[in-house]
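Use these hints to put chain Z onto chain R, whose structure you have.
Those sequence lines, one after another, are chains R and Z.
FYI, the numbering for the first sequence is 36 to 224, going by the numbering used here.
FYI, the numbering for the second sequence is 36 to 224, going by the numbering used here.
No lab work stands behind these hints: they were computed from the structure.
Please note that the accuracy of each hint is not assured.
Note that identical chains are pooled: a pair holds if it fits in a single copy or bridges any two copies.
Cross-link-like lysine to any residue pairs, in silico, SDA-like; alpha carbons within 25 Å at most [stated by the list, open to error]:
1. K110 - N166
2. K146 - L210
3. K136 - E153
4. K181 - F223
5. K88 - F71
Values in this document were obtained by computation on a predicted structure and should not be read as measured data.
Number of protein chains: 2
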Amino acid sequence: MEILKQRILKEGICLPGNILKVDSFLNHQIDPQLIFAMGSEFTQRFADEKIDKVVTVEASGIAVAMAVAAELGTKLVFARKSRSLLMEEDRYSCSVNSFTKKETNTVSILKKFLFPGERILIVDDFLANGNAALGLCNIVEQGGGKVRGIGIVIEKSFMDGATKIRNAGYRLESLVQVKSLAGGKIEFL
Amino acid sequence: MEILKQRILKEGICLPGNILKVDSFLNHQIDPQLIFAMGSEFTQRFADEKIDKVVTVEASGIAVAMAVAAELGTKLVFARKSRSLLMEEDRYSCSVNSFTKKETNTVSILKKFLFPGERILIVDDFLANGNAALGLCNIVEQGGGKVRGIGIVIEKSFMDGATKIRNAGYRLESLVQVKSLAGGKIEFL
Chain R
36 MEILKQRILK EGICLPGNIL KVDSFLNHQI DPQLIFAMGS EFTQRFADEK IDKVVTVEAS
96 GIAVAMAVAA ELGTKLVFAR KSRSLLMEED RYSCSVNSFT KKETNTVSIL KKFLFPGERI
156 LIVDDFLANG NAALGLCNIV EQGGGKVRGI GIVIEKSFMD GATKIRNAGY RLESLVQVKS
216 LAGGKIEFL
Chain Z
36 MEILKQRILK EGICLPGNIL KVDSFLNHQI DPQLIFAMGS EFTQRFADEK IDKVVTVEAS
96 GIAVAMAVAA ELGTKLVFAR KSRSLLMEED RYSCSVNSFT KKETNTVSIL KKFLFPGERI
156 LIVDDFLANG NAALGLCNIV EQGGGKVRGI GIVIEKSFMD GATKIRNAGY RLESLVQVKS
216 LAGGKIEFL
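With the rest of the complex left out, here is chain R (with noise of 0.2 Å):
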């Protein structure tokens, strides 16, 4: 997506140990013309996927996740981010690494909004070591859902989370891949 990558030549910040900063448009300040647009590019490149509901966790996802949901047509579930360890029963949990925050959540979903059955598509921001993805997918699965796809705003591509995902079965779409960081320049596959 051109005007995405123009857009993080332009205003990302990379940081000591493979992070790319893109809070003045992604994830802190939003840029609601930008999202529209990743909205659409998503919803054309799984436009044969018949999805019946978004799936985000908070926070960075709910925006992008929403212009989806709202050019499919459907309603979107976001995650939500505790750090108690306590399953309880109304809820699907999954213990998620983060590998930018260097923490561990667990991110759950009422079963209330998650249906057998169901043509889920999952989008998140970043795609790094594919732990957040990979745990959307065990909890959208644990409610019987199927993920019919995978959309990833900017994906580390010089990490290994799009090809655990791609192993694992599931169809990814990124937006953009960075191939690499390293000494501060931003590098596009």
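Below, chain Z alone, put in the same frame as chain R:
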């Protein structure tokens, strides 16, 4: 806002302690169509305020704030929560006590996303004791911005947040005002 009242009566769940759960359309599962209707309503109500930017707090405020910002043609910024009490130099922070979650978080916005003189609309999903909204006002004003209004989806009018906000001189617009949740019955003003 009549369609919102009907939706709350149909799907809202009262819990002990004056909690109103609306997680089927607002803050866990999200109905984009209803959220965009809220966005249009806020846009009309604040049409005369020449808003430059929308400010909210993660996570439940993001969807509504994005709908408002999209219609106003502005960007939005969502304040991030952390349990850390460290005040970093590059951000404006405020301590906020949550009525529903019974916990205190530091919420903050990076200084580079707030400018002196900007006309700010604050948007949030619930208003109870007013701490979150007043905390956001404080953060905006630390950056020299002007709070031109506070837009709330559901005001709990039996609590003191609305009075505190109006007494502090802010313009408050709530889409629905809940008069009472006594006995598990939802009554509007």
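Status of the hints after comparison with the structure:
no.	hint	in the structure
1	K110 - N166	within (24 Å within a copy, 30 Å between copies)
2	K146 - L210	neither (30 Å within a copy, 29 Å between copies)
3	K136 - E153	neither (31 Å within a copy, 31 Å between copies)
4	K181 - F223	neither (31 Å within a copy, 40 Å between copies)
5	K88 - F71	both (17 Å within a copy, 17 Å between copies)
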